[in-house]
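Undergrad: Single-letter residue listing:
Protein chains: 2
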Amino acid sequence: MTTFDDATAVTKRDEGRYDAQADPRFALVLAGGSGAPPAVNGGVLMATVLRAVLDAAPNPHPVATSANFLRVPRLGPAEVQVTWLKQGKTASTARAALIQDGAVVVDMTVTTGTVPDGAVSAPSRAAEGYGGEALDWTGKQPAFPPLSDCVDLGRWPGTEGANGVAGFAAHVTVLLDPATTGWRDGEPAGIPEMLGYVTLREPREPDALLLALAVDALPPVVFGLGATGWAPTVELTWHMRAVPRPGPLAVATRSRHVSGGWFDEEAEVWDADGRLVAQSRQLARVGRGRIRPLRGADGVVGSAAEPLRGRS
Amino acid sequence: MTTFDDATAVTKRDEGRYDAQADPRFALVLAGGSGAPPAVNGGVLMATVLRAVLDAAPNPHPVATSANFLRVPRLGPAEVQVTWLKQGKTASTARAALIQDGAVVVDMTVTTGTVPDGAVSAPSRAAEGYGGEALDWTGKQPAFPPLSDCVDLGRWPGTEGANGVAGFAAHVTVLLDPATTGWRDGEPAGIPEMLGYVTLREPREPDALLLALAVDALPPVVFGLGATGWAPTVELTWHMRAVPRPGPLAVATRSRHVSGGWFDEEAEVWDADGRLVAQSRQLARVGRGRIRPLRGADGVVGSAAEPLRGRS
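One line per chain: the protein sequences are A and B, in this order. Just so you know, we're using our numbering here: the first sequence kicks off at 1 and counts up by one. Just so you know, we're using our numbering here: the second sequence kicks off at 313 and counts up by one.
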């Protein structure tokens, strides 16, 4: 069992009630040096709640997951509660929540169903004008660079856990297109886009739970605009579109609009066979400070928070 | 008061409980001639629930709304229940549900906050490397054709209400880029994209509630692939990014992937001042039949369902 599987494990206590953890091994550090408590990566929290939902789901895949991140979890025990609103052959929907001390930390709605697995899709039937399950169409894949050309981020700002715990970056390899890593040297590309690859450091093939991790694994896309402060996710919805084949997950993120302290971050996840396996969009807050990365030979090895200056 | 405002009205009965309607004036017809009961446009149902949420919200705008469409509503009375999970200065989150006969018809999670209003945004601060509310950035606007070049869809398939009710198309003007209307003549463009404009037929300026309508107002984007059957929305999440200025709403939709009977539909809504005011993505089911449009002088005036043939 990998650290990821152990950290996201749930134990059934009663019908629709599970014991879980906000696991310190995937902790992030809030605004560098601010003394704020460590958070846990949002994708890891989603995977934890999804385990409880899938435990009693009538369909195999989480086709639509909406998550609202309401509070920073305390590192430690939590409870997951699952309530089914509808159970059907094509789609079933549950409400689920990660709860600590009687308060909802993450609130989710999950629709389960069945998405294509394995075999190459049938040829497009679009031209024939028929719909239903025979229809198969995919947009153009983003231009991912070869994996060997990408930069291993190492411990980028925010990914080192507190209290001597290695945190998120110790368990997840994030390889980024060097064209989208200028923010590490204080030279952001000026556009909110990133391209990269996500794998666990331990050997483990991708599945629905790893897709939940992948859609929120890259650094906040506004780092590309130089806003490298802590950027908490408010709402994230992702759709599973196919069962991923073995291999690294290619992830492309972009933002379409940043204003009023809010930004959207869209992610597409493609598997090693070049299939679009997940899509997400999150609404998040732009960080108010900026974190000045301190680079070492293997990437960012520390960070120092600077107060915000020159705001209008 | 416009028909839209009347149809989406709610009356407070008790704390967090509101009387509402699944209003026949915005009814759609399920798969033409199938005898299935009429549905109500999903955007109109979202607007109804949002009224109840906003009635007691501590923040003015619905910045993130996730809706799961679980059951086809019966045309008639409904109840909206609202429960607040968190109330904060920056963001507050409520769960809300449209309920009929004790069953949840539409289940929603809504986060309220404040988005920019009115004034032209401040110049980009991205180059300075500062984050927070000063940062302002927007991606490229889709190439909307002039409104005068667009085709008034009239009563496109699915928009005529049953029982002599005029339905959705009688209250909402949908003008489409003629390059994306080939499906009306059995000649779909072969790509799942549409560009158009949405206004109410009655004079009424856009606001958050009309944005909820706009993100689900165009015909299903898979019509562009020839799949013109009934395409029920399963999950739809939309983000309000700015308060819209007066004038028609420009809406661009596209799909990125269609397989296994599922398709995503993304919508961007731009206001008359060229500002990105809303974004959405929905996961929906591809229709299993196809509807053969019967064209009249003013567009589609009827439709005939055909059974599905030639499926693999």
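Simulated from the structure, these hints should not be mistaken for laboratory data. Some clues are possibly wrong.
Here are some chain B residues pointing at chain A (derived, C-beta under 7 Å) [stated by the list, open to error]:
| # | residue |
| --- | --- |
| 1 | W449 |
| 2 | K452 |
| 3 | Q453 |
In silico BS3-like links for lysine-lysine, alpha-carbon gap of 27 Å or less [what the hints assert, rightly or not]:
| # | chain 1 | residue 1 | chain 2 | residue 2 |
| --- | --- | --- | --- | --- |
| 4 | A | K140 | B | K452 |
| 5 | A | K86 | A | K140 |
| 6 | B | K452 | A | K86 |
| 7 | A | K140 | A | K89 |
| 8 | B | K401 | B | K452 |
| 9 | B | K452 | B | K398 |
Examples of chain B residues toward chain A, derived with CB under 8 Å [said to hold, decoys possible]:
| # | residue |
| --- | --- |
| 10 | M313 |
| 11 | T314 |
| 12 | T315 |
| 13 | D419 |
| 14 | T421 |
| 15 | F456 |
| 16 | S460 |
| 17 | T511 |
| 18 | L512 |
| 19 | V555 |
| 20 | G559 |
| 21 | H569 |
| 22 | A584 |
| 23 | G586 |
| 24 | R593 |
Ideal Cβ positions, reconstructed from N, Cα and C, are used throughout, including at glycine.
Undergrad: Each of the hints needs a verdict: does it hold here or not?
TA: Hints, one by one, checked against the model:
no.	hint	in the structure
1	W449	4 Å, holds
2	K452	9 Å, violated
3	Q453	10 Å, violated
4	A:K140 - B:K452	18 Å, holds
5	A:K86 - A:K140	35 Å, violated
6	B:K452 - A:K86	40 Å, violated
7	A:K140 - A:K89	31 Å, violated
8	B:K401 - B:K452	31 Å, violated
9	B:K452 - B:K398	35 Å, violated
10	M313	30 Å, violated
11	T314	28 Å, violated
12	T315	30 Å, violated
13	D419	6 Å, holds
14	T421	6 Å, holds
15	F456	15 Å, violated
16	S460	27 Å, violated
17	T511	22 Å, violated
18	L512	25 Å, violated
19	V555	10 Å, violated
20	G559	19 Å, violated
21	H569	5 Å, holds
22	A584	17 Å, violated
23	G586	12 Å, violated
24	R593	6 Å, holds
In terms of the numbered hints stated before, the structure departs from hints 2, 3, 5, 6, 7, 8, 9, 10, 11, 12, 15, 16, 17, 18, 19, 20, 22 and 23, listed from lowest to highest.
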